[in-house]
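Colleague: Using this note's numbering, you'd call the opening residue of the sequence shown number 13 and step up by one each time.
Honestly, the hints are just simulated from the structure, not real lab data. Incorrect hints may appear among the rest.
Calculated cross-link-like contacts (lysine-lysine; reagent style BS3-like; alpha-carbon spacing at most 30 Å) [stated by the list, open to error]: (1) Lys39 with Lys62; (2) Lys47 with Lys62; (3) Lys68 with Lys39; (4) Lys47 with Lys68.
Derived CB-CB ranges, DEER-like [stated by the list, open to error]: (5) Ser25 with Gly83: 17 to 25 Å; (6) Glu70 with Glu48: 14 to 22 Å; (7) Ala44 with Ser18: 33 to 41 Å; (8) Asp67 with Arg105: 32 to 40 Å; (9) Asp76 with Leu30: 15 to 23 Å; (10) Glu101 with Gly65: 33 to 41 Å; (11) Ala107 with Asp67: 33 to 41 Å; (12) Asp102 with Leu26: 18 to 26 Å; (13) Arg110 with Glu69: 18 to 26 Å; (14) Lys68 with Asp102: 20 to 28 Å; (15) Ala107 with Pro32: 31 to 39 Å; (16) Glu48 with Ser18: 13 to 21 Å.
Using N, Cα and C, we set each Cβ at its ideal position, and we do this for glycine too.
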Amino acid sequence: MALSPSQRRYLRSLAHDLHPVILLGAKGATEAVVKELDLALSHHELVKVKLSGGDKEEREAQIDTLIQGTGAENVQQIGHIVVLFRRNEDDPRLALPR
Numbered sequence: 013m014a015l016s017p018s019q020r021r022y023l024r025s026l027a028h029d030l031h032p033v034i035l036l037g038a039k040g041a042t043e044a045v046v047k048e049l050d051l052a053l054s055h056h057e058l059v060k061v062k063l064s065g066g067d068k069e070e071r072e073a074q075i076d077t078l079i080q081g082t083g084a085e086n087v088q089q090i091g092h093i094v095v096l097f098r099r100n101e102d103d104p105r106l107a108l109p110r
């Protein structure tokens, strides 16, 4: 499910006041972190993740691992913070604009 620009803008506005739910440590995006993120996305749908230190390529690799492992969409990335969204098909919590 690709997000439209208006949907991304709406989700960015909702994510502004959120605090990071998942904090990546020195080991980066491990399988345990992906499972925990999967649970958080199932519960919240919109989640902020604070990436571990490192250069830009390392952060991009971490984001790719998280997205591929959970099937989420990258809404926004600023520095070490990334906002991910995945619709909960059973119990949707957020109403997206068209």
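Colleague: Give a verdict on every hint.
Modeller: The hints, checked one at a time:
1. Lys39 with Lys62: The given pair, whose Cα atoms are some 13 Å apart, holds under the 30 Å limit.
2. Lys47 with Lys62: Holds, at about 16 Å.
3. Lys68 with Lys39: holds, 16 Å
4. Lys47 with Lys68: Distance of about 24 Å is within 30 Å: holds.
5. Ser25 with Gly83: 17 to 25 Å: holds, 23 Å
6. Glu70 with Glu48: 14 to 22 Å: holds, 20 Å
7. Ala44 with Ser18: 33 to 41 Å: The hinted range 33 to 41 Å holds for alanine 44 and serine 18, with Cβ atoms some 35 Å apart.
8. Asp67 with Arg105: 32 to 40 Å: holds, 35 Å
9. Asp76 with Leu30: 15 to 23 Å: Holds - the Cβ-Cβ distance for aspartate 76 and leucine 30, about 22 Å, lies within 15 to 23 Å.
10. Glu101 with Gly65: 33 to 41 Å: holds, 35 Å
11. Ala107 with Asp67: 33 to 41 Å: Cβ of alanine 107 to Cβ of aspartate 67: about 38 Å, so the range 33 to 41 Å holds.
12. Asp102 with Leu26: 18 to 26 Å: holds, 20 Å
13. Arg110 with Glu69: 18 to 26 Å: violated, 36 Å
14. Lys68 with Asp102: 20 to 28 Å: violated, 36 Å
15. Ala107 with Pro32: 31 to 39 Å: Since the Cβ atoms of alanine 107 and proline 32 sit about 24 Å apart, the hinted range of 31 to 39 Å is violated.
16. Glu48 with Ser18: 13 to 21 Å: Cβ of glutamate 48 to Cβ of serine 18: about 30 Å, so the range 13 to 21 Å is violated.
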